Amino acid sequence: MSFYKKRAFRPRTGFFKFTCCTGCGFELAYFQKSLEETLRSFDFTFFRLASSAGSPEGPFDLALVEGAVTEPFQIIELKKIREKSKVLYAVGSCAIVGGIPAIKALSPEIEIERAAYKERFFGLSSTRPNVIDDYVKVDGHIRGCPPGERDLEEALASVLLGKKPEFIEYSVCMECKRGGNACVLVEEGLPCMGPVTNAGCGALCPAHHRACYSCFGLMGQANVPALKGKFRKLGFSEEDIERFFTLFGALEPSSTLI
Amino acid sequence: MTGASASQKDYKTVIPGDVFALWVDRLGEQYTLTGPVGGGVTARFEDISRFAQMDLDYQSTMLPPGKRYLFEPAEEILSYDISGESNIPGNNRETGGKQQKISVNLPGLPAGRRALIGVHPCDVNAILYLDKVFLRGPYIDPFYTARRENTFIIALNCKSVTDLCFCHLLGAGPYLKARAGYDMLLTDMGRGKGFLVELVSEKARELFDIFSSGRPPEEKDLSAMREAEASLLKGFKKNLDMAGLQNALLSRPDHHALTETSDSRCLSCSNCVMVCPTCFCHNVREETGLSLSRGGKSRIKKIRRWDACQDISFAKVHGGNFRAKRHARLRQFVFHKLDYEGQLGTKGTVGCGRCIRWCPTGIDLTEIAMAMMK
Chain C
1 MSFYKKRAFR PRTGFFKFTC CTGCGFELAY FQKSLEETLR SFDFTFFRLA
51 SSAGSPEGPF DLALVEGAVT EPFQIIELKK IREKSKVLYA VGSCAIVGGI
101 PAIKALSPEI EIERAAYKER FFGLSSTRPN VIDDYVKVDG HIRGCPPGER
151 DLEEALASVL LGKKPEFIEY SVCMECKRGG NACVLVEEGL PCMGPVTNAG
201 CGALCPAHHR ACYSCFGLMG QANVPALKGK FRKLGFSEED IERFFTLFGA
251 LEPSSTLI
Chain W
1 MTGASASQKD YKTVIPGDVF ALWVDRLGEQ YTLTGPVGGG VTARFEDISR
51 FAQMDLDYQS TMLPPGKRYL FEPAEEILSY DISGESNIPG NNRETGGKQQ
101 KISVNLPGLP AGRRALIGVH PCDVNAILYL DKVFLRGPYI DPFYTARREN
151 TFIIALNCKS VTDLCFCHLL GAGPYLKARA GYDMLLTDMG RGKGFLVELV
201 SEKARELFDI FSSGRPPEEK DLSAMREAEA SLLKGFKKNL DMAGLQNALL
251 SRPDHHALTE TSDSRCLSCS NCVMVCPTCF CHNVREETGL SLSRGGKSRI
301 KKIRRWDACQ DISFAKVHGG NFRAKRHARL RQFVFHKLDY EGQLGTKGTV
351 GCGRCIRWCP TGIDLTEIAM AMMK
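Chains as they are written, first to last, in our numbering: chain C, 1 to 258; chain W, 1 to 374.
Please keep in mind that the hints were generated in silico from the structure rather than gathered at the bench. No experiment lies behind these values; they were computed from the predicted model shown. Note that beta-carbon positions come from the ideal geometry of N, C-alpha and C, so glycine has one too. One thing to keep in mind: the hints can contain errors.
[Said to hold, decoys possible] So the derived list for chain W, only partly shown, Cβ under 10 Å to chain C, looks like this:
1) Gln59
2) Met62
3) Ala74
4) Ile77
5) Leu106
6) Leu135
7) Arg136
8) Asp263
9) Val275
10) Thr288
11) Leu290
12) Arg326
13) Arg357
14) Pro360
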């Protein structure tokens, strides 16, 4: 009992899920290294994956939101969460850049519905996917699929310390080079998305001789046309190139060149 | 003068390759041996146990040996513990404004001894450049100093040049002209003829106990060396009037060669800076982690990491970003390498060509400079 001794300040925390695989929730509740500290330091008053008790009513010191917005009712819920939370962080690629659920943005809804349900399903109100930034003010982005340990800890610790979190904003290449990995793009000609992808994963894929597939989403000022040009030179087809860039970035503007 | 040159000559000897290899293996008893493994332009410096594991015919490596081993990619420079009930500033109101106790922990300085074997002239010159940054001026870096003192540098004159090398324009290669700042210089005398070994430092004279088993170099050895150097010099493809660049690039800050290259090809990925042997920029961040109250203590670490001017957050300061545009960041890299001699009294490049080779889109700073000077 003394181990979980009540701290004077345990932020009341809610974890909310929209359209996604719940992987970010899993990361927070089961897989991250600082699980004990997280449970001790935060009062999870609403976290469905961890406990069926608790209420989403709030108020919250901290709201963590995963998933993309793909249904109208989610917009209303999201706005309510924002209203009753002091700090709101978007967690994971779906909430921040659209991620996997956003792939459907590339086709008309009617085709998606037919492909998924064979016939018109009138109870369905799924819309074009969007990120949560489109609807509410977000205080920070804990990027990743699932989030990288470093950004997750930085965000949570910042709430405890009352400071502004400092998230990683540079490319995967910087982490990759610091790790001394062989460059899979220049040396092996693999379609590595590292040069345009936000770091935070520790260059996990390139360290294992795999091309980065941009699961953290594009970094700020990613030069998409330049990397597409490189992939063309390596001999990849336009269709392939389009797929590399829309796997996690279907909602990203096709050019973020500044 | 004559005395100095005579004594320098005294510390030259020609040693058979196998004898030298045995000496290196023996050096491994006192030093961690680190040398080039895997050949060509994608060799890498790795810790080895025997001389035979190295490929001294290598042309280049991705990470430069000096920067990699003297200036760590990431290291903890300080940590501090906050003890007490709580470390939350807002919480002090609830605890009656109780003060937190902070104790600072200094990590021990790096102590391991390392021998860097087969360092090319450009990379030795890059270490001399890093020395100016970390060992001079009002702030001397204790970590770099400790590693520098514990590192035994065995330089190796180049045996080939690549299409991207331009060290000859800067006097940084292909044969090493610097006569201090490293320990030994090797020149491969060719098939079966062994190495010409020059002992540059006092330390080398102390450690190289097989000096007398070599033979003093004869005139034909020295002329063979000169011939080899002359033939290497003919192999360079790049040409640029380096002396004419100082302050000249700076007067054309928005030249279209820069803006067009940056818009169409620069990914802002910072690979150029990461692989540059002279790029010394770093940031220091406090990492709290979540182990905030283990044992009633909170440990906060200050970590120093390689940073890069191509990164969008590099120039972000209160009130804005003074290099918000991509071409402003590329310009910083190109000018720092080819123009800003005022900073440390020499150009920021040693002509190793790594930034060109490892740029995913092959941006070439010498081509940009040439287009700008037209």
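Structure-based check of all given hints:
no., hint, in the structure
1, Gln59, "14 Å, violated"
2, Met62, "7 Å, holds"
3, Ala74, "6 Å, holds"
4, Ile77, "16 Å, violated"
5, Leu106, "23 Å, violated"
6, Leu135, "23 Å, violated"
7, Arg136, "25 Å, violated"
8, Asp263, "6 Å, holds"
9, Val275, "6 Å, holds"
10, Thr288, "4 Å, holds"
11, Leu290, "4 Å, holds"
12, Arg326, "6 Å, holds"
13, Arg357, "7 Å, holds"
14, Pro360, "5 Å, holds"
When each numbered hint is compared with the structure, violations occur for hints 1, 4, 5, 6, 7.
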